[in-house]
Amino acid sequence: MNEETDEQGDVNVELEELEESTLADTLMAIASMKKNLKEVKSNTERSTDEINCLKVMATSLKLQKAAEEVDEAKSLAQTAREELRKAKEAD
Numbered sequence: 475m476n477e478e479t480d481e482q483g484d485v486n487v488e489l490e491e492l493e494e495s496t497l498a499d500t501l502m503a504i505a506s507m508k509k510n511l512k513e514v515k516s517n518t519e520r521s522t523d524e525i526n527c528l529k530v531m532a533t534s535l536k537l538q539k540a541a542e543e544v545d546e547a548k549s550l551a552q553t554a555r556e557e558l559r560k561a562k563e564a565d
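Residue numbers (this note's numbering): 475 to 565.
Heads up, some of the hints might be wrong.
To be verified - Okay, derived cross-link-like pairs now, DSS-like style, lysine-lysine, Cα gap no bigger than 27 Å in a straight line: (1) 539 - 529; (2) 515 - 529; (3) 548 - 536.
To be verified - Distance ranges between label pairs, derived from CB positions: (4) 561 - 521: 57 to 65 Å; (5) 524 - 559: 46 to 54 Å; (6) 520 - 548: 36 to 44 Å; (7) 534 - 503: 42 to 50 Å; (8) 534 - 500: 34 to 42 Å; (9) 551 - 527: 34 to 42 Å; (10) 551 - 525: 51 to 59 Å; (11) 526 - 504: 30 to 38 Å; (12) 565 - 526: 54 to 62 Å; (13) 527 - 497: 27 to 35 Å; (14) 520 - 491: 41 to 49 Å; (15) 491 - 529: 31 to 39 Å; (16) 544 - 505: 28 to 36 Å; (17) 515 - 486: 38 to 46 Å.
If you're looking for bench data, these hints aren't it; they were derived computationally from the structure. Given the structure is predicted, the values throughout are model-derived calculations rather than measurements. Using N, Cα and C, we set each Cβ at its ideal position, and we do this for glycine too.
Full structure from sequences and hints, please.
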C-alpha cells in the first residue's frame, strides 16, 4: 500500500510539473506573440506614414509639373505674340 501511495505521489508531482511547464510555455508563447504584434503594429504605422509622405510628394510633383507646363505655355504664347508683332511690322 505504501508503494501505491508513493507511486501516486510521484504521478501527482510529475503531473504538476507538466502543468507548470505547459503553463510557462504558454505564457512565453503569449509574450512572444504580443511582442510580434507590437512590431507588426509599429511597422504598419511606419508604412502608413511613408505612404502618406509619398502621396504628398506625388501631389507636389504633379503641381510642379503643372506649373512647368503653364510656364511653357506662357513662353510659347509670348513667342507667338512677338512673331505676330514682327509680322505686322513687316507688312
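Worksheet item: Of the hints given before, which are not true for this structure?
Response: Numbers 8, 10, 13, 15, 16 - these are the hints that the structure violates, sorted from lowest upward.
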